[in-house]
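**Q** From just these sequences and the hints, can you work out the full model?
Respectively, the protein sequence lines represent chains A and U.
In terms of our numbering, the first sequence has 520 at position 520, counting the first letter as 1, and numbering is strictly consecutive.
Just add 796 to the spot in the second sequence (first one is 1) and you have our numbering.
Treat the hints as calculated values from the structure; they're not laboratory data.
Ideal Cβ positions, reconstructed from N, Cα and C, are used throughout, including at glycine.
Check before you lean on any hint, since a few could be wrong.
As the list claims (entries may be wrong) - Just the calculated beta-carbon pair ranges, DEER-fashion:
id	chain 1	residue 1	chain 2	residue 2	range
1	A	373	U	1071	30 to 40 Å
2	A	532	U	1123	52 to 62 Å
3	U	889	A	570	26 to 36 Å
4	A	546	U	978	33 to 43 Å
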Amino acid sequence: MKLPYHWLSEYTDVHESPKNYAARMTMTGSKVEGWECPADEIQHVVVGRVLSVKPHPHADKLVICQVDVGEKTLQICTGAPNIRENVLVPVALDGAILPGGHAIATTTMRGELSQGMMCSFAELGLTQGDVPYGDPDGLLFLPEGNPGDDICPMFGLDDVIFDFEITPNRPDCLSVIGLARESAASFGKELRLHTPAVRQTSGDIHELLSVEIQAPDLCPRYSAAMVKNIKIEPSPQWMRERLRNAGVRPINNIVDITNYVMLEYGQPMHAFDYSCIEQNKIIVRRSVPGEVLTTLDGQKRTPAPDTLLIADPVKGVGIAGVMGGENSEITENTRMVVFESATFSGPSVRVASRRIGMRTEASGRFEKGLDCENTMPALMRACELVEMLGAGDVIGGVIDAYPVPKKTRLLPFEPDKMRALVGADIPEEDMKNSLLSLGFGLENGMVSVPSWRDDAEGMADLAEEVARMYGYDKIEPTLLTGAATIGGRNDWQKFEQLVRSACISTGFLETVTLSFLGPKVFDRLLLPENSPLRIAVPIQNPLGEDQSLMRTTPLHSMLEVAARNYNFRTPAMKGFELTTTYTPAIKNGTADLNVLPAENRILTLMSYGSGDFYDLKGAAEAILDAVSVYGLEVLPCHDNPSYHPGRCGQMFVKDQPVGVIGQIHPLCAKNYGIGCDVYMAEIDMHKLFALRDAEKMYHPLPKYPAVSRDLAVIVRESVTVLELEKTISAAAGEHLESVALFDIYRGSQVPAGQKSAAFSLSFRCFDRTLTDSEVDDAMSRALAALEKEYGAVLRA
Amino acid sequence: MKLRLKQILESALSDIRNASSKEALESARVRYLGKKGELTSILRGMGSLSAEERPAMGQIANEVRAAIEKALEEAAAAIERHAFDARMERETIDVTVPGKKPAPGKKHPLNIVLDELCDIFTGMGFSIAEGPEVELDYYNFEALNIPKNHPARDTQDTFYINDNIVLRTQTSPMQIRTMEKQKPPIRIIAPGRVFRSDAVDANHSPVFHQIEGLVVDKGVTMGDLKGTLEIFAKKLYGEDTRVRFRPHHFPFTEPSAEMDMMCFKCQGEGCRLCKGEGWIEILGCGMVHPRVLKTCGIDPDVYSGFAFGIGLERIVMRRYKIDDMRLLFENDARFLSQF
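**A** Listed below in structure tokens is the structure:
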């Protein structure tokens, strides 16, 4: 909301510097986002009288003028076609600044001195609406003024315009009067309200028009007045100035009056041509299904069901609270005008304006809920202005359909409760003064809420009024007392932190990716048509198709990270994220959107450009180890569509599946434009959390030496190392401390289709030194078991 | 004989002096002290001496031997020292050659700062609450005093799943979920991901993060709200930080406020960074609306509370002077590895 300082001063005497005014208003709750002084943009521009116009000796299109600028006469050359003697024009003197930072200096034009510049309205930053009499292609002729006078006050450019951020609970502050009330209360000044009045009327509106409200729930009040003998012309300069400074384009007297009243009173007004109304009757009703409406702008529109319409008995003529302003412009031919000043239900206007995709100054105000008591003063103000501007003759009487007059809300005045909530010892007198200055009433221990303050519903609201006028800055900061709380992170939150640290210490960069993906992603991930991962929660109003679904897998987000870095020529990267995925309940093969989706937490690991599968597997092992999840086993998995069929494994901890690890399918990597191997792991955090060894225990250090033996066997390729290890562990007996693969060999001494696997076994007994024969026995058992289970042969 | 011993000593010392290697030294030792060495053979000849001469001569011979042995020892040590010095010389490296850095992992800047915020509040007795990102309209709006078609919904461009389910636009639904489950005293923060249908640019992202705070107990005042958040600001930004509370409006708090921090660049004078205001908005807060308490089954005549919501991204961007929010979500390794 833009508030011109001059307009404010009509209602209250606040004589503060812009900085002090803005600071205090901000601290009492009307935040000033900034202010501007148009005059700062225009310096050293004065009124000049053109004394003489002579041809330029060296240029056909230029003339040389002598211009009286008060204290002296200047010679100025111009090429303006409308130049003539004895006119008043704006003159930019030597050293002048024009809007846009344009500087003017004395110069010579084709050999003749030119001590400044005479200006058009555009050069002063004005528009045709500001100066309807101005020639757009020539100099601006001023209707009045004395040579040497500063130009800025003549067009109201010496004003200061404040820009307020008005919160949605305070539509009353979207008006000069509303902000004047806040200003007066904030600075302890008087608020001067004016009661509009019309001196002369003729005829009776009731003979010309009637109004019927058929939907009083959506239209609590509809007031109307009429004006005849309309003379459409530009409104006077003072009104144009104020409108322009408040950010509204001046159009013509009638439209300007409606805008002026809306800005001043906060009540949107609608002026429409009486000749548009058939049968002299306005009906305010809900739309009927299938109804097509030709609105005053000539457009055919299909309103949403139950949209509130302004209609006559034959047709709808407008969508209540939405159509107005420039869409119902009064034309040159308008002779008789109806001023509508009504209130409509906020939600109803909001739905209607959304539905037809049209938000106007008026609809933005109605949506917030306007004061029913404001329609009549605003209407009277409009009529007063019509008379003042000589824009027409006001017809006697008003129509005021107000089926259920609004009751004044009464709240108990509870100073102690307010002090307790605020935590400041605000004197009762101060409370009363604050409330009274804001328009609240006080009687018999009750506070009456002004009609424009529907937001004040209880003690807490009154406490805010009192506290903001008292000053939030005067409330003493205190420390929380009362019952102690222990606080801190719970086990799950600590576990997440631990996983993060483990990933970081293993050399992974943490990423944060968006939660969306698009339907095309599933093909890029090579997911089959029946993959459950394709069933995702869809967003009704996504930013784009590629962000239209909630992700069901972390793969896409992380592959995009890999692709981005690969494309930026980062040769290698290791990344991790604790990724949230969203898995909907599935009903009849589609997402069941009646319930919230399950939100899973996935530890996603990614590596490209350095290392291989075993590096990533080793990293995963190290991370799990660091967070006390022991016993990871990875079993081959050939059918995960996004992974390389021969380089993918299912991860198990204590026989429970916890995730998948492998090389991304080269075709999938290619779909992301990645030209190298990418390794990923997706590990279910909740499962890790459940499977962790929550309590760490110390194992005594061994007192007796270990015995190491190596065992190399030749087996078929299809036998996995894990199978061999498990067999050895099971057969070698209780003293086997560890078994670790140290070599796999395929080559000349090994038959085709077979491999040699060499293990290092370590034996130890806790309470004595093992004998050679004990270890020999264990080794024999291990070998025998390998022979039996897998036909393994000891490698000589 | 005495003369001979003296000659042997001189000759031996000279040989030892000239020996430049372990091997040369060893051959000198063998030559003089070995089984067939010169001194040894002299000593063998001691038998031919008279009983009177023998002790004196024996003493001299022993002194000679001791002198040679000492000289050998010292020469050996010197040779070893030289050899060691030579090795040190050989092994000298250029220490100005850059070190071999292991590529370290890094925490994302959002989580660095989030952890810090959580530490500040857990230190004040707050617990951490978590809840769904895909949320019921009821929790995100209605229970927070924002009914359907309320104009306050316009300030938050919402992603809808359907009429009843949204992507949460704020972490405030955690206020409701917490109060439904837990009776006062309540002190929680709820950090998390939130969503608004803002197109991506330097200052907007459809996904960002907030930290919600909620305190409910008997006798909680706005003074407590100010005190708690001032401590938070000082811990985050330093003891000299100055904040102000300015009236504002949120549907679920009354009275409501925004907390601003004095611009650290211009100290309140007004500059480009703070858009001439002298203050930078940090968070929104207020006293929990009585209707919200009532909705959650908490009697507003007995209990009161305050709530606040902090935007994480802006704090992070200010901390690291990041001028484009997109960097936080693009995950460029060159960016991530800077933290």
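**Q** Should the hint that residue 889(U) and residue 570(A) are 26 to 36 Å apart at their CB atoms be regarded as holding?
**A** Holds: the Cβ-Cβ distance is about 30 Å, inside 26 to 36 Å.
**Q** Taking the beta carbons of residue 546(A) and residue 978(U), is their distance inside 33 to 43 Å?
**A** Given about 40 Å between the Cβ atoms, the range holds.
**Q** When you take the CB atoms of residue 532(A) and residue 1123(U), is the distance between them in 52 to 62 Å?
**A** For residue 1123(U) against residue 532(A), whose Cβ atoms are near 35 Å apart, the range 52 to 62 Å is violated.
**Q** Note whether the CB distance of residue 373(A) and residue 1071(U) lies within 30 to 40 Å or breaks it.
**A** Given about 38 Å between the Cβ atoms, the range holds.
This entry does not satisfy hint 2, going by the numbered hints stated previously; all others are met.
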